[in-house]
Amino acid sequence: MGPKIDRRVLLAGLTAFAAAGPAQAITTDRAVTLINQVVRDINSVINSGKSEQAMYGDFERIFLRYGDVPIIARSTLGPVAREVTSAQLNAFADAFGGYLSRKYGARFREFIGGQIEVVRAREVKNWYEVDTVARLRGQAPFSVVFRVSDRSGQDRFFDLVIEGISLGKTERTEIQALLDQRRGNVDQLIQDLRGLS
Amino acid sequence: MTAVSRTICRVFGRLRDCINRRARIALSVLAVATLSACTTPDAPVEVFDPYEDTNRRIFEFNRSLDRGLVRPASNAYGTAVPVPIRQGVTNLSGNIDTPRRFTNDVLQGNLEDAGHNIFRFLLNSTLGVFGLFEVATEFGLEPRPSDFGETLHVWGAPEGAYVVLPFLGSSNERDAIGKVVDLFTNPLTHVLEDEAQLIPPASSAGAGLDTRYRLRGTIDSILYDSADSYAQSRNLYIQNRRFQLEDTNEDFFFDPYGDFDGPEN
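So the protein sequences, as listed, match chains A and B. Position in the first sequence counted from 1, then plus 11, gives you this note's numbering. Position in the second sequence counted from 1, then plus 124, gives you this note's numbering.
One or more of the hints may lead you astray.
FRET-style restraints, in silico, Cβ to Cβ [said to hold, decoys possible]:
id: 1; chain 1: A; residue 1: ASP198; chain 2: B; residue 2: ASN373; range: 30 to 40 Å
id: 2; chain 1: A; residue 1: ASP198; chain 2: B; residue 2: LEU189; range: 31 to 41 Å
id: 3; chain 1: A; residue 1: GLY149; chain 2: B; residue 2: GLY233; range: 28 to 38 Å
id: 4; chain 1: A; residue 1: GLN165; chain 2: B; residue 2: ASP375; range: 40 to 50 Å
id: 5; chain 1: B; residue 1: GLU374; chain 2: A; residue 2: ARG118; range: 35 to 45 Å
Residues from chain B that face chain A, not an exhaustive set, calculated with beta carbons under 8 Å [to be verified]:
id: 6; residue: PRO269
id: 7; residue: GLY341
id: 8; residue: ASP352
id: 9; residue: GLU374
It should be emphasised that the hints constitute simulated quantities derived from the structure, not laboratory data. Here a beta-carbon is modelled for each residue, glycine too, at the ideal position from N, C-alpha and C.
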């Protein structure tokens, strides 16, 4: 099964078009398009029957292709991000991407045989929220929200919110705690992050 | 069947008592009391945790309780008891809780949810054999949780400080008061007699172990693999609870782009 576009999403897009002119409609529309691609790719990975290791690689590619990983990484570093070199920042973003896909790849394993569907999209502040619902076997459906922005120059999702819990905030808390444990040593953090999940 | 309808009549009788005038006055007094009992920050903050030292100590106690008792018990329960039976116990626990949700829906003035929950209870208690089977969802009546913490929220009581309760875990001052009041808001528990009184706590314990088992990957990773599991648990509770109550503040959303221009949060 491919991604399902809810009739309401199309209606929302059309309404936004009528209300605010083409520019806004294109952005709502693009947010939905992006997340439909993400959902299609996630659905195909969780139903591929591949090994767990292979799935981690696939998840990392999905994160890197559709998610704004460098921006999320930079934000989780907090004030320290202003003090490090760009080489350190790049190395951190790279280590962070691998850590994310190992950590959440293991969670997405619980999605095997399930399905994610796009429900609706709307503008919030200066980004777009695409609401999806995850229907997993033997579980009540739950809400997964993708927050999408083009502020880095391209359409990317910058946060994933499951039942109100933000991945970005969770990882900011985690990275800050890891940094505290290493007395603010970013290089040590980068090195250790490569082995963490 | 007669036992079921007799029970339902008694439930309705109790509910009438529950929401009579005197009770309403008492509950209004309680809401005002909650309003003044809850500690509030001067300006809205995402995490308000003035009791952090105490909270962390209780959190450690709860964590050792999980490590030594709850986790092994849930693994034993999950391994020994087959899925259909565990699901039946969990369904039963949810059904027993439904009259409490109904009471709270009424107290919140949410008649739509009250009607929804009473029909859920009737369907699951009859076609679903006392609630062992979740049939209401098949009729388009999905579970709609409600509790006295939410009722206090609807009445305008503030969330108060984040607190960790012994044995029960993450909460806030408003929800902690809600939990105490909810010991009395389920009309069903007032009509059960003798051994039947054991069914609600027993099924609820079963449902708890089932949840701990089904979500073991996520829960273990939060409790035992996080760099600061206290901070992570606090984050999860605060965000998830506000999401349930539809009380999220857009100012607190994760905005990594804002870091570039605004002050660091």
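For this session: If any of the earlier hints don't hold here, list their numbers in rising order.
Result: Checked against the structure, the hints that fail are numbers 4, 5 and 6, while the rest are satisfied.
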